[in-house]
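Chain residues, written in single-letter form:
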Amino acid sequence: MKEPSIRRRIIYDKSFKIGIILLTFCSILPMLFILFFITSKGISVINWRFLTQLPRPVGEIGGGISNAIIGTLILIGIGTAFSVPVGILAGIFLSENRKGKLASLTRLSVETLQGVPSIVIGIIAYIWLVVSMGSFSALSGGVALGLMMLPVIITATEQTLKLIPGSLKEASLALGVSYPRTILKVILPAGVSGIATGILLSIARVAGETAPLLFTAFGSPFMNRNVLKPINSLPLMIFNYATSPYPDWHTLAWGASFILIILVLGLNLFTKVVTKRWKVQF
Amino acid sequence: MESTVLKIEKFSAFFGENQVLKEVSLSIPQNRITAIMGPSGCGKTTLIRCINRMHELISDARVSGKIFLDQEDIYATDPIIVRRQIGMVFQKPNPFPMMSIYDNVIAGYNLNGIRLSKDEKDKIVEESLRKAALWEEVKGALYRRGTFLSGGQQQRLCIARALAMGPSVLLLDEPTSALDPKATSHIEELIVQLKDTVSIILVTHNMAQAARVSDFAAFVYLGELVEFGPSGSVFTAPRDKRTEAYLTGKFG
Chain V
19 MKEPSIRRRI IYDKSFKIGI ILLTFCSILP MLFILFFITS KGISVINWRF
69 LTQLPRPVGE IGGGISNAII GTLILIGIGT AFSVPVGILA GIFLSENRKG
119 KLASLTRLSV ETLQGVPSIV IGIIAYIWLV VSMGSFSALS GGVALGLMML
169 PVIITATEQT LKLIPGSLKE ASLALGVSYP RTILKVILPA GVSGIATGIL
219 LSIARVAGET APLLFTAFGS PFMNRNVLKP INSLPLMIFN YATSPYPDWH
269 TLAWGASFIL IILVLGLNLF TKVVTKRWKV QF
Chain H
712 MESTVLKIEK FSAFFGENQV LKEVSLSIPQ NRITAIMGPS GCGKTTLIRC
762 INRMHELISD ARVSGKIFLD QEDIYATDPI IVRRQIGMVF QKPNPFPMMS
812 IYDNVIAGYN LNGIRLSKDE KDKIVEESLR KAALWEEVKG ALYRRGTFLS
862 GGQQQRLCIA RALAMGPSVL LLDEPTSALD PKATSHIEEL IVQLKDTVSI
912 ILVTHNMAQA ARVSDFAAFV YLGELVEFGP SGSVFTAPRD KRTEAYLTGK
962 FG
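From first to last, the protein sequence lines stand for chains V and H. Under this note's numbering, the letters of the first sequence match residues 19 to 300, in that order. Under this note's numbering, the letters of the second sequence match residues 712 to 963, in that order.
To be clear, the hints were calculated from the coordinates, so they are not data collected in a lab. Keep in mind that a hint or two might mislead.
To be verified - Each computed BS3-like pair below joins lysine-lysine, with the alpha-carbon atoms no more than 30 Å apart:
id : chain 1 : residue 1 : chain 2 : residue 2
1  : V       : Lys203    : H       : Lys842
2  : H       : Lys834    : V       : Lys203
3  : H       : Lys832    : V       : Lys203
4  : H       : Lys721    : H       : Lys777
5  : V       : Lys297    : H       : Lys829
What the hints assert, rightly or not - A few chain V positions that, by computed beta-carbon distances, are all more than 10 Å from chain H:
id : residue
6  : Ser23
7  : Ile38
8  : Ser58
9  : Phe68
10 : Gly80
Think of the CB as a built atom: it goes at the ideal place given N, C-alpha and C, for glycine as much as any other residue.
From just these sequences and the hints, can you work out the full model?
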């Protein structure tokens, strides 16, 4: 027979464990609900035409979201093309210069940029590009998304490179390899998994952004491949359709939401694969 | 009289306000193993890092004095050129983790953008691995990652990588301090074989190791070169009291 005090401890121990498991389960519930809800509402409209056709005017049956899908891809492409080189270089600078005025100023700016509300980023891109170029455009929307991706990529690059042992850099320099080549050919490849993870997560993060696109990419009912013209995107389309008074458009918005969430989910899963596959063991 | 490969003249090194080396003068003989001994923090590692200018990675490091490699002033030459002539192996084996064994050996060429034909590369890889006594163990696994090897094999891979550049001097910074006794004796045998190809400077705080492998020995204490001479006489009849005290285990 066990002492009562020990039995009390065992009970306490067990209930604590059960409590942790229950609360962990609670944290995945919202995700499951969202997935279930959007799938049940949206999957009924998904078919080949939905993915490949343009939207139709109110009243006409059918119509698709092909311009929004292409638009989202173009916007992400522009954002990535602009934020990845800048982000990686800034990340290298920060990991190579841990002290110094410019480094701490950069770090502060990156943290601040991360906290800037997305609508404000949209306004900045509006003033910089839309006003100066005289038109809403995919370019301005892409830049707004790129600005939002930047802090994520910089931080991911800096943190990844900081973890790479200094002995690797020494090994390269001791072979007479120049500093730039050491960074590009030894340090970056050793950190490729972490940097790629940062880039993919930043894309997943902005793929669903609406606010920065409201007065930059603006939205468009047409298929547009000109980056200097307004362009549609999935979140913009969802916003416009969901706030419209037409039930048909509400259904399309559910379908677009489903596509968007599949895109984001797919990106996150792909990120996990990349992180694992490209991992360099020191 | 031995011919000299590396001549160090009144060499001092500082980290900020702190003087780590005090007017060290030393002539490193060619194709011999020179051991640099001394207690931790005496400046022996700093001394060899100054020989291939690796100390320049530390921002507040500065030096005075001269080091000549075959009459050429190292500090008047580009560090990139210096480091191709003076190879270095570090305390902890540090093969490039994202590269295969083959690519690790040829890394000095690939990373420097020196183009070689496949045959030339194959030849350099095999020769370097043979010199590092690793060829027989890895010849079937050249395209596996270097980090799969054991610690001792990794260290020999690092030696092969340094040898591939055809250096005239090889700096070994406590190359066995992270290895077990068996791997250590393997590396020691290797070092002795290597002196026909390259002049070796071996930093160690293991006196027994210095006695086993070195031809010449230097004792550094508190940044000063206390004694330098043929190992036989340094170990059996040290001239300086501090050397004797260190060798007999009174400090260190």
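A quick look at each hint next to the structure:
Distance restraint check for lysine 203/V and lysine 842/H: the Cα-Cα separation of roughly 27 Å lies within the 30 Å cut-off, and the hinted pair is therefore satisfied. Taken as a hint, the lysine 834/H and lysine 203/V pair is honoured in the structure, with Cα atoms around 23 Å apart against an allowance of 30 Å. For the hint pairing lysine 832/H with lysine 203/V, the CA-to-CA distance comes to about 19 Å; that is within 30 Å, so the pair holds. Only pairs whose Cα atoms come within 30 Å are accepted, and lysine 721/H paired with lysine 777/H is accepted, the gap being roughly 7 Å.
Restraint check for lysine 297/V and lysine 829/H: satisfied, since their Cα atoms lie roughly 28 Å apart, inside the 30 Å limit. With a least CB separation of 49 Å from chain H, serine 23/V remains clear of the 10 Å interface cut-off, as annotated. No Cβ of chain H comes within 10 Å of the Cβ of isoleucine 38/V; the nearest lies about 36 Å off, and the non-interface call holds. No Cβ of chain H approaches the Cβ of serine 58/V within 10 Å, the least distance being about 45 Å, so the stated non-interface status holds.
Taking the minimum C-beta to C-beta distance to chain H, about 43 Å, the non-interface status of phenylalanine 68/V holds against the 10 Å cut. The claim that glycine 80/V lies off the interface holds: its Cβ sits roughly 51 Å from the closest Cβ of chain H, which is beyond the 10 Å cut-off.
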